[in-house]
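Number of protein chains: 2
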Amino acid sequence: MSETFVIVGGDAAGMSAASKAKRDDPNLEVVVFERGEWVSYGACGLPYYVKGEIQSLESLVSVTPESFREERDIDLRTGHEVVAIDPDERTVTAESDAAAVVQSYDHLLVATGAEAVVPPIEGTDLDGVYTLGSMSDGNELREYVARARSSASFQQPDRGPACRHLEDCVGRVAVVGGGYIGIEMAEALAANDFEVTLFQRGDRLLAGFSEATSEHVIDHLREQGVDVRLQAEVQKLSGSRDAVDAVVTATARIPVEMVLLGTGVSPRTELAADAGIERGPTGAIATDAYRETNVPDVYAAGDCAEATHVVTGKPTYVPLALTANRHGRAVGQTVTGTPTEGGGVAGTAAVKAFDAEAARTGIVDHERARAAGFEPVTETITAKSRAGYYPEGSDVTVTLTADRETSRLLGASLVSEYGEGAVHRSHAIVAALEEDATVFDLENYDLAYAPPFNTTWDPVLVAAKVLGGQLRGK
Amino acid sequence: MSETFVIVGGDAAGMSAASKAKRDDPNLEVVVFERGEWVSYGACGLPYYVKGEIQSLESLVSVTPESFREERDIDLRTGHEVVAIDPDERTVTAESDAAAVVQSYDHLLVATGAEAVVPPIEGTDLDGVYTLGSMSDGNELREYVARARSSASFQQPDRGPACRHLEDCVGRVAVVGGGYIGIEMAEALAANDFEVTLFQRGDRLLAGFSEATSEHVIDHLREQGVDVRLQAEVQKLSGSRDAVDAVVTATARIPVEMVLLGTGVSPRTELAADAGIERGPTGAIATDAYRETNVPDVYAAGDCAEATHVVTGKPTYVPLALTANRHGRAVGQTVTGTPTEGGGVAGTAAVKAFDAEAARTGIVDHERARAAGFEPVTETITAKSRAGYYPEGSDVTVTLTADRETSRLLGASLVSEYGEGAVHRSHAIVAALEEDATVFDLENYDLAYAPPFNTTWDPVLVAAKVLGGQLRGK
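Quick mapping for you: the protein sequence lines, in order, are chains A and B. Under this note's numbering, think of the first position of the first sequence as 1, with each following residue one higher. Under this note's numbering, think of the first position of the second sequence as 475, with each following residue one higher.
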């Protein structure tokens with residue numbers, strides 16, 4: 001009698017687990033319940049679909065439901081929402097349009113993902129207010145873009161004085177939130193000739209990146225025509241005839257015809273919590289190093305779960321695609337007899353912002369570093385992306401943070417022109433963080449050098465030299 | 475009474491040591507003897523000067539002799555060749571056009587560099603035969619390019635049937651050696667409409683890179699019109715009226731009017747050897763971890779010296795710019811009271827080849843890995859440089875080698891389209907090698923991901939997954 005591995009949620013973590021488990025043990029029964037119709041899709045590509053650089057939503061799907069079923073022999077049930085988990089009976093109950101089914105499991109993976117946070121303000125239910133988390137969100141936004149652009153009132157590139165009537169506002173949009181979704185959507189909308197105002201609560205974009213990176217990106221967005229408003233907490237969205245018509249802050253009322261909320265995501269944990277599966281300090285599902293929850297044989301991975309931070313060793317919540325894939329895959333290995341940890345997270349993130357690119361990893365913020373017991377020291381340098389005498393290239397600005405006492409690297413934030421390597425250069429620092437390396441270790445890394453790719457000391461090494469000098473007191 | 479730090483050789487290692495020592499101890503007397511007139515120049519940029527992408531030789535100079543003297547207070551004596559070191563008296567003797575001077579030292583750095591290897595075949599002394607190591611080599615080659623292109627017989631792009639008379643051969647050139655100098659010069663010459671034949675002894679280009687990288691580069695060079703001849707050891711260069719007119723191999727005689735020898739470099743060690751300074755197994759000057767030779771207070775760094783390989787822990791000879799800078803700087807710190815090791819080398823190298831880029835690090839070659847006591851296992855994967863649905867991008871081919879018993883990473887070789895990140899991606903693997911990481915460590919690195927930069931699993935991680943699978947027996 002073969003065992004059954006049941007998975008709740010058919011995106012990155014769920015389908016990675018399903019595929020890996022089935023590959024490693026073809027006799028295992030693998031059942032996936034997905035409440036929607038799409039599985040295994042690259043939500044990270046949605047801004048580029050809205051932008052128009054990707055022509056079909058289907059191209060974001062890495063493996064189709066049919067090939068999971070037919071080629072990989074996975075019992076994938078789309079349109080099935082799991083409404084209850086019974087750990088005592090080792091069953092889940094799933095509902096579809098047709099009926100409810102009770103499915104027993106030997107191993108269960110909760111991979112319910114995350115959902116866009118809607119801020120608790122007035123007006124978020126008005127027409128013209130969007131979030132971007134799902135494929136259908138992507139579809140709606142692309143339809144909005146097409147509709148607006150085909151309107152007679154869509155004037156470009158100069159729309160003249162501020163709109164007073166809603167019809168005058170066609171083409172004026174707001175992005176609320178300066179994280180990567182907000183910035184990617186600002187790019188997507190500006191590229192379609194919308195007039196974009198970006199509202200950010202604090203005085204920086206890209207929380208968790210360095211101040212230098214934030215400033216670079218703010219300047220660049222403004223150069224690209226985005227009206228970036230800092231210290232501009234949105235108090236409400238106003239509307240007329242059920243449609244949003246303005247964003248209201250403490251000091252201004254900006255007429256717009258569309259609002260994109262890019263105000264973060266929160267883990268979907270209710271199903272798990274109802275079954276007695278514990279959440280951790282971050283609010284996401286707590287697991288051990290193997291992604292097993294407090295309930296035996298029940299695992300959690302992906303955007304609904306916590307992970308261990310490689311620098312602090314503490315639980316953290318960083319809902320990103322690679323972690324979901326990696327941890328899902330690790331669970332697939334574990335349930336088929338090869339216990340696999342799947343590793344921690346460094347909070348690494350990358351973003352393209354128009355013609356700039358930025359990456360961050362580890363801990364850059366001093367307050368957060370102190371809270372984790374470190375005494376942070378930071379240096380920021382700007383160097384050339386290629387040899388000074390080599391054609392083209394751009395500046396690369398690298399912020400590097402370390403602990404004063406141990407010289408251990410804590411984190412980094414980098415920014416350059418798109419294509420000039422801020423993101424790929426962050427890979428070296430991620431590796432250093434994962435290996436608990438010091439600034440002095442990094443300073444001596446024998447990184448590749450040739451004039452078309454960097455200066456003799458790559459900007460990452462320049463940053464390490466300067467920070468090392470400060471730690472040495474020189 | 476202040477101490478004196480004497481340096482023989484004014485390029486990367488020498489001037490890095492001089493600058494760092496003077497900065498850390500302004501009271502130190504720093505005397506540099508350089509036999510030529512150029513100091514601190516980027517020899518790695520010479521191919522791009524010949525190509526015409528860099529307009530002045532001066533732009534390759536990072537700091538001028540004047541500013542070393544005036545701003546950094548370094549006693550830099552160009553046009554001075556050191557002809558003897560007397561370790562007992564702690565002096566060096568230097569000769570200039572004017573006179574010979576005897577200079578005493580408290581600390582001495584030998585940074586005499588390397589010179590291009592001229593293969594022991596007939597005809598290398600003919601006119602039209604060049605090497606590329608020095609600024610004057612660069613000048614001569616650029617002059618040759620200009621002269622040839624201005625000749626009436628320089629036909630482009632199709633020169634018709636093979637030349638019989640020397641005049642017919644204008645624009646036909648040979649590059650001997652398929653290392654990075656050979657490849658960069660093939661690019662430089664082809665970009666100037668020369669018809670380039672590249673002769674390589676073995677069946678691969680880029681020794682030390684993987685077979686997959688070599689094949690990719692060979693195919694690409696051929697697409698770009700370079701006549702790549704493998705297994706084509708040059709037996710002699712023939713000439714008429716003192717000028718080279720053909721390259722002769724065992725099977726062919728190829729008429730050319732110019733030959734560029736890119737057949738490697740060897741360390742300049744005679745001066746040191748005459749003074750009793752020992753050479754190591756590689757033939758370069760042997761040092762300890764602080765670059766000190768067997769003679770107390772005498773250091774050696776840069777292209778004349780060995781270094782310790784981070785994977786094997788054994789002496790190796792990898793004459794490259796970053797090591798010279800890093801080790802020179804470390805010696806500058808050491809002689810001013812902060813003993814500094816400066817780290818090992820991973821044999822990391824990067825090359826641009828027309829529209830491709832490649833990097834390598836560590837040990838990829840199985841024979842070499844076995845000689846170092848490892849049992850090598852290798853996997854090569856090809857993945858996309860950006861998300862599959864994201865516009866543009868190229869393939870990235872990654873070869874990864876590890877030790878079967880310990881799973882420790884040994885080396886890697888990567889190739890992609892230029893600008894698609896093979897080189898910057900190698901940084902992560904260098905870091906992993908420096909930290910003695912395993913394939914399983916690398917597999918779990920939380921590398922940056924966003925669709926404009928990579929697939930969810932960066933190609934480096936894909937390679938680690940596949941190699942990890944092989945090591946797990948799956």
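Mixed in with the good hints, there may be bad ones.
What the hints assert, rightly or not - Here are the simulated DSS-like cross-link-like pairs (lysine-lysine), alpha carbons at most 27 Å apart as the crow flies: (1) Lys314(A) - Lys858(B); (2) Lys788(B) - Lys465(A); (3) Lys858(B) - Lys939(B); (4) Lys314(A) - Lys384(A); (5) Lys51(A) - Lys788(B); (6) Lys384(A) - Lys939(B).
Hints in this document: simulated from the structure, not taken from any laboratory. In this text, all values refer to a predicted model and were calculated from it rather than measured experimentally.
A quick look at each hint next to the structure:
no., hint, result
1, Lys314(A) - Lys858(B), "violated (34 Å)"
2, Lys788(B) - Lys465(A), "holds (26 Å)"
3, Lys858(B) - Lys939(B), "holds (15 Å)"
4, Lys314(A) - Lys384(A), "violated (36 Å)"
5, Lys51(A) - Lys788(B), "violated (53 Å)"
6, Lys384(A) - Lys939(B), "violated (33 Å)"
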